[in-house]
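**Student:** For reference, the chains in residue letters:
Number of protein chains: 2
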Amino acid sequence: MSRRSTRSRPTRAVDYIGLRHPFAPQPVFSEESVARLHEAALGLLERQGMRILLPEARAVLAAAGARTEDEMVFIGRDIVAEALRTAPRAWRLRAANPARERMYAPGEALFGPGSGCPNVTDRLRGRRAGSLETFNETLTLHQAFDVIHILGPSAEPQDVPPALRHLAMMEGQLTRADKPVFVYARGREQVEQSLEAIRVGLALDEADWSDGVWAYTVINSNSPRQLDRPMAQGIIDFARAGQMAVITPFCLAGAMAPVTVAGALVLQHAEALAGIALSQMARPGAPVSFGGFSSNVDMKSGAPAFGTPEHVKMQLGSGQLARHIGLPWRSASGSAANVADMQAAQETTMALWGAMLAQATLTVHAAGWLEGGLAFGYEKFIADVEVLQMLAEMCRPVGADEDDLGLDALAEVAPGGHFFATAHTMARYGTEFYPPLLADLSNHGTWVAAGAQDAAERATAIWQKALAETPRPAHAGEASERLAPWLEARRAAGGAAPLD
Amino acid sequence: MSRRSTRSRPTRAVDYIGLRHPFAPQPVFSEESVARLHEAALGLLERQGMRILLPEARAVLAAAGARTEDEMVFIGRDIVAEALRTAPRAWRLRAANPARERMYAPGEALFGPGSGCPNVTDRLRGRRAGSLETFNETLTLHQAFDVIHILGPSAEPQDVPPALRHLAMMEGQLTRADKPVFVYARGREQVEQSLEAIRVGLALDEADWSDGVWAYTVINSNSPRQLDRPMAQGIIDFARAGQMAVITPFCLAGAMAPVTVAGALVLQHAEALAGIALSQMARPGAPVSFGGFSSNVDMKSGAPAFGTPEHVKMQLGSGQLARHIGLPWRSASGSAANVADMQAAQETTMALWGAMLAQATLTVHAAGWLEGGLAFGYEKFIADVEVLQMLAEMCRPVGADEDDLGLDALAEVAPGGHFFATAHTMARYGTEFYPPLLADLSNHGTWVAAGAQDAAERATAIWQKALAETPRPAHAGEASERLAPWLEARRAAGGAAPLD
Chain B
1 MSRRSTRSRP TRAVDYIGLR HPFAPQPVFS EESVARLHEA ALGLLERQGM RILLPEARAV
61 LAAAGARTED EMVFIGRDIV AEALRTAPRA WRLRAANPAR ERMYAPGEAL FGPGSGCPNV
121 TDRLRGRRAG SLETFNETLT LHQAFDVIHI LGPSAEPQDV PPALRHLAMM EGQLTRADKP
181 VFVYARGREQ VEQSLEAIRV GLALDEADWS DGVWAYTVIN SNSPRQLDRP MAQGIIDFAR
241 AGQMAVITPF CLAGAMAPVT VAGALVLQHA EALAGIALSQ MARPGAPVSF GGFSSNVDMK
301 SGAPAFGTPE HVKMQLGSGQ LARHIGLPWR SASGSAANVA DMQAAQETTM ALWGAMLAQA
361 TLTVHAAGWL EGGLAFGYEK FIADVEVLQM LAEMCRPVGA DEDDLGLDAL AEVAPGGHFF
421 ATAHTMARYG TEFYPPLLAD LSNHGTWVAA GAQDAAERAT AIWQKALAET PRPAHAGEAS
481 ERLAPWLEAR RAAGGAAPLD
Chain E
1 MSRRSTRSRP TRAVDYIGLR HPFAPQPVFS EESVARLHEA ALGLLERQGM RILLPEARAV
61 LAAAGARTED EMVFIGRDIV AEALRTAPRA WRLRAANPAR ERMYAPGEAL FGPGSGCPNV
121 TDRLRGRRAG SLETFNETLT LHQAFDVIHI LGPSAEPQDV PPALRHLAMM EGQLTRADKP
181 VFVYARGREQ VEQSLEAIRV GLALDEADWS DGVWAYTVIN SNSPRQLDRP MAQGIIDFAR
241 AGQMAVITPF CLAGAMAPVT VAGALVLQHA EALAGIALSQ MARPGAPVSF GGFSSNVDMK
301 SGAPAFGTPE HVKMQLGSGQ LARHIGLPWR SASGSAANVA DMQAAQETTM ALWGAMLAQA
361 TLTVHAAGWL EGGLAFGYEK FIADVEVLQM LAEMCRPVGA DEDDLGLDAL AEVAPGGHFF
421 ATAHTMARYG TEFYPPLLAD LSNHGTWVAA GAQDAAERAT AIWQKALAET PRPAHAGEAS
481 ERLAPWLEAR RAAGGAAPLD
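Line order of the protein sequences matches chains B and E. Using my numbering, the letters of the first sequence correspond one by one to residues 1 to 500. Using my numbering, the letters of the second sequence correspond one by one to residues 1 to 500.
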């Protein structure tokens with residue numbers, strides 16, 4: 001058998017879906033300091049309070065015993081304690097494809113795509129505003145790689161009117177991919193219609209719908225200490241619908257948060273606890289994820305920075321706070337780079353390692369983020385997927401049994417010889433190593449002869465292939481048929497205006 | 001005081017020199033498996049043995065009780081045990097500048113530059129063979145950044161005749177930098193002259209010379225299980241001179257080592273133990289570093305791969321083996337990329353995190369390696385230094401005292417406000433965050449207006465500035481004067497031919 005023969009080459013079976021964290025979580029604070037941060041956050045909620053712009057949300061918290069004063073709500077530690085008592089520790093994220101379903105729980109590792117970007121950019125078409133076409137393209141990119149575990153709004157479809165946009169986003173997610181679905185919290189009517197789209201598109205009966213979680217949203221507070229109307233309503237609506245709200249204060253140290261790692265985390269923690277409290281007071285036991293996305297600003301320009309040492313330190317500290325309260329939690333990677341270059345790769349890779357060592361349950365913006373989220377980069381997405389796949393490989397155990405040690409091969413090969421032809425190598429060479437997605441390992445001469453393409457240039461070909469060759473998921477046809485009349489009716493009725 | 005005023009802006013005091021590992025070392029094997037790998041390596045040395053091409057080295061081991069048969073040496077576990085008993089656990093790496101001196105010991109984190117490259121490449125001058133000019137330039141780059149802790153032969157000065165090359169390399173290191181010095185083990189005469197150059201250049205008396213370690217070399221075995229003449233002689237010579245030999249099997253799984261992580265590590269461990277045994281039998285107590293540089297080959301092309309999941313797993317496993325025998329050890333980063341692109345950044349960053357989580361004492365090839373070491377990249381060096389500086393920042397503790405928590409600032413800023421003007425921010429904003437070296441955090445419009453330079457383009461300006469502005473070290477003038485007549489005499493006598 002020729003070594004180069006691929007006829008009988010075994011397929012490399014990898015599971016990039018069911019990842020569990022392989023590393024021990026790493027601290028930046030002593031246990032005593034973690035308790036002090038938690039205590040400071042409780043004190044902040046009690047004494048300084050949160051400004052919550054939605055009267056309904058203030059009423060929910062007031063009913064639970066919180067003191068209110070105009071738009072301010074002072075949340076006592078008893079309310080927080082009760083919320084942390086009823087908040088679940090684990091739930092199942094459902095998906096159109098059962099093979100894509102995941103537990104959302106401490107110890108699990110899920111990666112979400114770069115999200116919330118108004119613009120997209122790629123080497124062929126340049127930088128441009130997100131459109132429905134690019135929104136749908138990015139869904140196909142999410143679908144193409146198993147290591148992207150959930151969907152996210154990588155590109156805002158700005159060519160769809162705001163009142164109809166949520167319908168287009170649901171149609172895309174339910175017919176172009178089969179992974180857990182994202183819904184923006186942009187007002188009750190949009191949320192209700194979006195959740196209904198899932199039930200219609202996937203033909204879920206009541207039992208199925210209430211078994212686990214079919215949609216997630218991200219709740220950003222307006223740091224410091226403010227919750228706007230759509231976000232407050234989103235917490236309530238997702239809680240009542242039994243869907244997952246990911247409470248994510250976005251605390252930029254030195255701008256909307258204190259200039260220190262510890263200070264920014266106190267604020268992040270207080271705002272996250274406030275969101276969790278509102279969720280649990282709206283419906284005890286609702287699936288709500290602790291979360292944080294804190295980083296620093298560049299003190300020269302005031303611009304947000306990502307993948308910095310401070311970002312990683314805040315990730316590690318956030319993980320400690322999550323474990324302190326016992327909840328699954330979300331972190332985020334990211335990059336401030338303006339182009340898919342070494343800076344972009346380094347920043348995202350740094351923050352992905354931070355998320356791994358912080359044991360984030362969900363890492364959002366794990367692939368494709370550029371410009372601090374103002375653009376989704378196609379080539380950047382491919383490059384980040386390479387890192388995610390390498391991290392996924394780290395989740396696989398390393399064998400150390402008799403055959404793994406290769407003692408026969410070691411005895412067989414003479415000093416200065418090589419292992420290419422040993423039975424041990426022959427049996428394993430096709431499947432033993434991670435096959436790179438983007439990396440080109442050819443030598444310099446070969447690389448030059450083949451056109452001297454850098455990683456960004458090669459990434460272009462990879463996303464083009466992914467767009468061209470990723471099949472629609474198995475359920476897509478039926479979902480489209482079921483959704484068509486429902487969507488037509490909703491569109492005819494004008495959709496639903498977003499809440500300001 | 002204007003926020004933008006820099007007049008009274010305090011300087012950010014950082015120590016990128018004295019780094020200690022901040023993370024708990026992460027395992028890939030159970031303790032039982034580590035013991036099994038160690039045992040397998042002992043068995044390999046006893047039963048299959050090492051082919052050692054230098055008669056003197058065979059005689060040293062035979063005198064210690066090893067069985068020899070032609071060029072083969074079978075090293076019993078008693079000899080290894082004795083070597084591990086006498087090998088020191090810590091020593092001081094001396095340097096022309098006392099502020100650059102470091103302990104070489106478990107828990108310390110030292111970074112060395114990309115080394116051993118026949119070629120160099122940069123965006124202005126292209127890819128070319130290493131020369132004395134580029135060798136000296138790379139020394140200035142090493143000198144420019146505190147986070148590069150030791151010198152290394154980043155570029156081979158191929159325009160200097162082999163018999164004189166070591167003299168040029170010592171002259172450069174002793175007059176252009178003030179960090180611990182590298183000496184190639186290319187034959188006894190070259191080594192003796194190189195070590196003499198240090199004593200002459202730095203005017204060391206016998207007491208100073210024998211207090212700690214003034215030079216290090218890297219010993220690569222010819223995997224599998226072979227030690228060539230210069231390497232074997234180097235182990236003996238560095239041991240007898242009390243200088244540091246870093247035993248570094250270069251085991252590429254699937255080529256010169258078994259195709260598995262565990263199998264490659266058994267071979268690496270056996271070869272490292274053989275080198276340590278030779279060192280300790282030559283001179284008990286000699287400073288010898290355990291080490292490994294194992295990765296996998298690309299099974300499509302047979303080319304070496306770096307920064308892969310297998311590379312990182314082998315780093316973590318090597319760290320476990322180092323702790324099993326209790327010695328400080330060296331790991332390596334690296335990249336197979338042909339150009340300073342996203343692949344290059346990702347591979348090196350992955351392997352740097354691997355080295356951190358493996359608690360490598362010394363990480364070689366930490367900056368500048370391209371093409372699997374066939375080229376030293378100037379722009380790549382700058383990009384890697386950014387990651388090293390960020391990892392160095394991770395070594396600094398995160399404060400969590402009263403003022404770090406920023407409770408006054410948190411109470412002071414109203415909901416939805418900002419922290420720019422708080423006393424807490426004002427007191428800290430100039431020094432709180434890591435100031436990037438290469439990363440450009442400006443927004444897209446500003447970045448485009450400034451010329452839309454990517455990270456590689458910006459890196460060019462940074463290494464140009466480093467070359468132009470890095471001063472000669474304080475001792476350089478005197479060292480040059482002392483070395484001049486000595487070098488002239490050595491050169492007049494023809495230098496010293498390398499050992500084949």
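Hints in this document: simulated from the structure, not taken from any laboratory. Glycine included, every Cβ here is placed at the ideal spot set by N, Cα and C. Among the hints, a few may not be true.
[To be verified] Derived list of chain B stretches under chain E, where covered just means 3 residues or more per stretch with a C-beta under 8 Å from a C-beta of chain E:
{"no.": "1", "region": "122-135"}
{"no.": "2", "region": "430-437"}
[What the hints assert, rightly or not] Only pairs whose alpha carbons sit at most 20 Å apart, straight line, appear in this in silico EDC-like list of lysine to aspartate or glutamate:
{"no.": "3", "chain 1": "E", "residue 1": "K465", "chain 2": "E", "residue 2": "D146"}
{"no.": "4", "chain 1": "E", "residue 1": "K465", "chain 2": "E", "residue 2": "D70"}
{"no.": "5", "chain 1": "B", "residue 1": "K465", "chain 2": "B", "residue 2": "E133"}
{"no.": "6", "chain 1": "B", "residue 1": "K465", "chain 2": "B", "residue 2": "D146"}
{"no.": "7", "chain 1": "B", "residue 1": "K300", "chain 2": "E", "residue 2": "E133"}
{"no.": "8", "chain 1": "E", "residue 1": "K300", "chain 2": "B", "residue 2": "E393"}
**Student:** Given the hinted pair B/K465 and B/E133, is their Cα-Cα distance within 20 Å?
**Tutor:** Measuring from Cα to Cα gives roughly 17 Å; hence the hint holds.
**Student:** Against the 20 Å threshold, does the CA-CA distance of B/K300 and E/E133 hold or violate the hint?
**Tutor:** violated (36 Å)
**Student:** Does E/K300 pair with B/E393 here, judged by a C-alpha cut-off of 20 Å?
**Tutor:** Given pair E/K300, B/E393 holds - Cα atoms ~19 Å apart, limit 20 Å.
**Student:** Going straight from one Cα to the other, do B/K465 and B/D146 come out at no more than 20 Å?
**Tutor:** With Cα atoms ~16 Å apart, B/K465 and B/D146 stay inside 20 Å; holds.
**Student:** Sort out whether E/D146 lies within 20 Å of E/K465, counting only the CA atoms.
**Tutor:** Distance of about 16 Å is within 20 Å: holds.
**Student:** Under a C-beta cut-off of less than 8 Å, do 3 or more residues of the region 122-135 of chain B approach chain E closely enough to confirm the stated coverage?
**Tutor:** violated (count 1)
**Student:** Would the pair E/K465 and E/D70 pass a check requiring their Cα atoms to be no farther apart than 20 Å?
**Tutor:** With a Cα-Cα distance of about 56 Å, the restraint between E/K465 and E/D70 is violated, given a limit of 20 Å.
**Student:** Taking 8 Å as the C-beta cutoff, is the stated coverage of the region 430-437 of chain B by chain E satisfied by three or more residues?
**Tutor:** holds (count 6)
The structure is inconsistent with the numbered hints 1, 4, 7, although it conforms to all the rest.
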